[in-house]
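Construct the entire structure; sequences and hints are all you get.
For reference, the chains in residue letters:
Number of protein chains: 2
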Amino acid sequence: MNKLTQMAAAKQGIITKEMEIVANKEGLDPRTIMERVAAGTIAIPANKNHRNLDPNGVGQGLKTKVNVNLGVSRDCANYEMEFKKVEVALENDVEAIMDLSNYGKTYDFREKLIAMSSAMIGTVPIYDAIGYFDKDLIDLTAKDFLSILELHASQGVDFVTIHAGITRKVAADFRKSERLTNIVSRGGSLLFAWMAMTGNENPFYEYYDEVLDILAKYDVTISLGDALRPGCLHDATDPGQIGELIELSLLIERAWAKNVQVIVEGPGHMAIDEIAANMKIQKRLCHDAPFYVLGPIVTDIAPGYDHITSAIGGAIAASNGADFLCYVTPAEHLRLPDVQDVKEGIMAVKIAAHAADIAKKIPGARDRDDQMAKARNKVDWEGMFDCALDPQKARDYYDSIPAAQQKTCSMCGKMCALRTTNKILDGEIVDIF
Amino acid sequence: MNKLTQMAAAKQGIITKEMEIVANKEGLDPRTIMERVAAGTIAIPANKNHRNLDPNGVGQGLKTKVNVNLGVSRDCANYEMEFKKVEVALENDVEAIMDLSNYGKTYDFREKLIAMSSAMIGTVPIYDAIGYFDKDLIDLTAKDFLSILELHASQGVDFVTIHAGITRKVAADFRKSERLTNIVSRGGSLLFAWMAMTGNENPFYEYYDEVLDILAKYDVTISLGDALRPGCLHDATDPGQIGELIELSLLIERAWAKNVQVIVEGPGHMAIDEIAANMKIQKRLCHDAPFYVLGPIVTDIAPGYDHITSAIGGAIAASNGADFLCYVTPAEHLRLPDVQDVKEGIMAVKIAAHAADIAKKIPGARDRDDQMAKARNKVDWEGMFDCALDPQKARDYYDSIPAAQQKTCSMCGKMCALRTTNKILDGEIVDIF
Chain V
5 MNKLTQMAAA KQGIITKEME IVANKEGLDP RTIMERVAAG TIAIPANKNH
55 RNLDPNGVGQ GLKTKVNVNL GVSRDCANYE MEFKKVEVAL ENDVEAIMDL
105 SNYGKTYDFR EKLIAMSSAM IGTVPIYDAI GYFDKDLIDL TAKDFLSILE
155 LHASQGVDFV TIHAGITRKV AADFRKSERL TNIVSRGGSL LFAWMAMTGN
205 ENPFYEYYDE VLDILAKYDV TISLGDALRP GCLHDATDPG QIGELIELSL
255 LIERAWAKNV QVIVEGPGHM AIDEIAANMK IQKRLCHDAP FYVLGPIVTD
305 IAPGYDHITS AIGGAIAASN GADFLCYVTP AEHLRLPDVQ DVKEGIMAVK
355 IAAHAADIAK KIPGARDRDD QMAKARNKVD WEGMFDCALD PQKARDYYDS
405 IPAAQQKTCS MCGKMCALRT TNKILDGEIV DIF
Chain B
5 MNKLTQMAAA KQGIITKEME IVANKEGLDP RTIMERVAAG TIAIPANKNH
55 RNLDPNGVGQ GLKTKVNVNL GVSRDCANYE MEFKKVEVAL ENDVEAIMDL
105 SNYGKTYDFR EKLIAMSSAM IGTVPIYDAI GYFDKDLIDL TAKDFLSILE
155 LHASQGVDFV TIHAGITRKV AADFRKSERL TNIVSRGGSL LFAWMAMTGN
205 ENPFYEYYDE VLDILAKYDV TISLGDALRP GCLHDATDPG QIGELIELSL
255 LIERAWAKNV QVIVEGPGHM AIDEIAANMK IQKRLCHDAP FYVLGPIVTD
305 IAPGYDHITS AIGGAIAASN GADFLCYVTP AEHLRLPDVQ DVKEGIMAVK
355 IAAHAADIAK KIPGARDRDD QMAKARNKVD WEGMFDCALD PQKARDYYDS
405 IPAAQQKTCS MCGKMCALRT TNKILDGEIV DIF
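So the sequence lines, in the order shown, correspond to chains V and B.
Okay, so the first sequence: first residue is 5 according to the working numbering, each after it adds one.
Okay, so the second sequence: first residue is 5 according to the working numbering, each after it adds one.
Worth flagging that the hints you see were computed from the coordinates, not collected in a lab.
As the structure is a prediction and not an experimental result, all values here were calculated from the model.
Mixed in with the good hints there might be a few duds.
One copy or two, it doesn't matter: identical chains are merged, so the pair holds either way.
To be verified - Computed cross-link-like contacts, PhoX-like style, restricted to lysine-lysine with a CA-CA straight-line distance of at most 20 Å:
#1 K397 - K347
#2 K427 - K180
#3 K382 - K180
#4 K109 - K418
#5 K382 - K418
This is the structure we're talking about:
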């Protein structure tokens with residue numbers, strides 16, 4: 005446990021094994037990674053106790069990373085289904101899994117998840133407090149909150165969402181605001197209610213130094229949660245959201261001073277025309293700390309299709325600087341997702357991240373697209389399936405309505421534009437152009 | 005048949021019944037609609053022979069409209085399935101349906117489609133030429149192309165895609181370019197091949213005045229097709245694409261001079277960071293004529309999910325000025341879509357259009373979102389289903405995993421953030437804040 009944190013090592017000019025792996029994956033110089041970890045613009049969440057982690061970096065100049073949420077809840081405590089979701093996430097190479105379990109055997113679930121997962125694991129410790137201590141919210145103490153945090157950290161969780169920005173002052177300002185959906189962050193609502201019921205300050209804010217000491221001990225990255233993230237387009241970019249962002253920005257350098265890596269969380273629901281400005285504001289206020297966004301969902305009226313609304317928002321956010329996208333499934337706003345929902349959510353967020361990486365000019369990001377284009381030009385179906393994000397779905401679709409002609413598909417048949425054009429260009433048919 | 009075209013009427017200061025209907029739908033003054041139709045910045049595709057059309061406007065200051073493609077092809081000539089798609093399109097209030105049939109009883113199919121459809125109908129007459137005349141492409145004459153156009157126009161088609169911009173000069177320039185996917189427009193490839201095989205000029209360009217006379221007679225809107233739209237990210241915004249756009253821009257005022265309304269078609273496949281510039285260039289070159297985009301698809305590697313890749317591109321395009329979005333289904337690049345694909349494609353494009361309308365600040369565009377937010381804040385499920393884009397899917401999802409607590413869902417159960425927060429704000433539980 006005496007190992008330096010990633011940030012402490014970076015500040016001493018040490019390139020860790022994790023930095024080397026990240027550099028190799030990203031095609032960057034390990035020294036560049038080290039310098040950015042030292043500056044806080046890249047985080048490599050890697051708990052000292054997460055033995056089989058395959059580390060990834062989040063932040064400046066790196067490929068956009070994606071996260072899958074899962075976990076058991078009281079209404080749907082099907083452990084087998086949740087582990088099936090983990091398998092789907094790992095098969096599809098997601099970089100992060102957040103375990104949002106809030107009911108039942110959360111300790112055992114987390115332990116098994118960390119042991120089996122090469123992806124970084126995140127949690128929101130406060131979700132787990134009520135069940136773990138078997139107390140009502142009002143009876144939980146600041147010490148309880150810290151001890152559940154230490155429990156998660158000691159188990160090997162790589163990053164934790166801590167809603168330290170919803171202070172009494174921020175909450176008081178929020179109470180004066182005119183929101184349509186007040187608080188939609190689960191952790192944020194619990195802290196807000198706890199502060200209201202007990203009269204106390206936010207424990208993660210009041211005891212922030214102790215929080216950081218726990219995180220530094222295991223090298224857990226703090227993901228500063230946005231309790232007041234907008235829950236609808238109306239509430240986006242309002243004083244509540246931006247006021248909390250300012251509070252979060254003031255906590256970042258305190259973490260870095262203790263060599264704790266930081267990620268900042270962001271909206272939420274937001275109209276398309278506000279997204280770029282929000283990315284810019286976060287980067288400016290937060291000293292270019294990595295930005296992790298949930299969505300943003302760009303319209304509120306599409307429950308059942310929120311993987312699509314958030315793919316739109318996520319692609320725009322990441323193109324404009326967001327570093328880390330949380331998936332949203334078609335089940336969002338309606339129920340706990342099932343395994344198929346998880347698959348659809350993963351595909352949508354991977355599309356958003358990849359499309360953004362091309363727009364961000366991440367070196368090599370378009371290589372696979374160009375390979376696909378070449379296969380398409382040759383009407384080479386096996387070549388196309390090879391570079392498809394989901395080869396099996398592409399193959400199943402193609403096979404379901406057989407093409408009558410070789411090297412065509414059932415959409416255009418022998419009127420295939422590529423086939424026609426290439427017959428001319430390749431001199432197969434008369435060309436007196 | 006002596007009725008004035010919409011544009012001729014507008015130029016004479018006449019507000020037609022169609023302009024009034026459009027003004028009423030959009031919440032705008034009929035005079036504003038008339039002025040913009042006269043200027044060409046709004047098109048109201050409304051063939052004099054499409055009796056039961058419920059007209060819609062496309063263009064400046066109006067809600068973004070969406071189009072569904074369907075039609076029979078040689079490999080999949082299932083008329084019943086295509087009419088089922090028409091029903092799905094009409095049930096979901098799409099404003100336009102393009103019949104891309106290229107095989108079989110196309111005349112009868114089109115006749116029935118126009119008779120049953122309150123949505124505007126578009127076609128690509130050249131698709132129909134080979135089958136209708138039962139000739140090989142090389143044997144078709146310029147006169148054949150014009151006569152198939154007149155056939156469609158006389159039947160009541162409201163807008164036709166005419167690839168008049170791929171002239172011999174543009175095609176020669178394209179042949180010098182370094183594309184990965186040469187021509188992916190079906191109509192464009194046929195004209196390119198016909199020009200190469202016959203040595204003739206593009207007939208729609210050579211006889212453009214005759215084309216316009218036919219269109220003016222029935223008041224068919226010309227949708228200037230982009231034969232060289234990019235078929236992959238690599239080819240986007242290249243000399244071929246922009247060269248053809250310039251050619252199209254030079255044809256617009258000739259159409260307007262003959263009182264033919266114009267829509268311009270655009271890409272295609274395109275990286276996110278190029279979309280805004282493309283919208284700006286089109287509006288500038290094309291005298292603010294309405295812009296109709298297919299996609300743009302923002303990554304090439306997601307066959308099976310191209311409703312999502314194009315929802316991302318379409319939302320960004322429309323936010324930046326595109327007026328009309330063509331849907332793309334999950335079957336794109338793989339097969340002819342089935343009815344479920346059509347449904348998914350419609351939902352994705354409607355989300356893109358709606359999200360863009362909010363960003364474009366179309367008056368009232370966010371009203372339904374705000375209504376959803378209010379229902380969510382009250383955890384009022386019936387209220388949420390009422391303002392959902394697809395109420396049945398939302399309801400089915402919610403019902404599939406029953407919530408144990410009233411006014412929650414299976415995702416968070418009694419840890420619902422809204423419920424917790426509102427218990428405090430509504431004074432239901434102790435609040436010593």
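Verification of the supplied hints:
no.	hint	result
1	K397 - K347	both (11 Å within a copy, 18 Å between copies)
2	K427 - K180	between (69 Å within a copy, 17 Å between copies)
3	K382 - K180	between (62 Å within a copy, 19 Å between copies)
4	K109 - K418	between (59 Å within a copy, 18 Å between copies)
5	K382 - K418	within (14 Å within a copy, 56 Å between copies)
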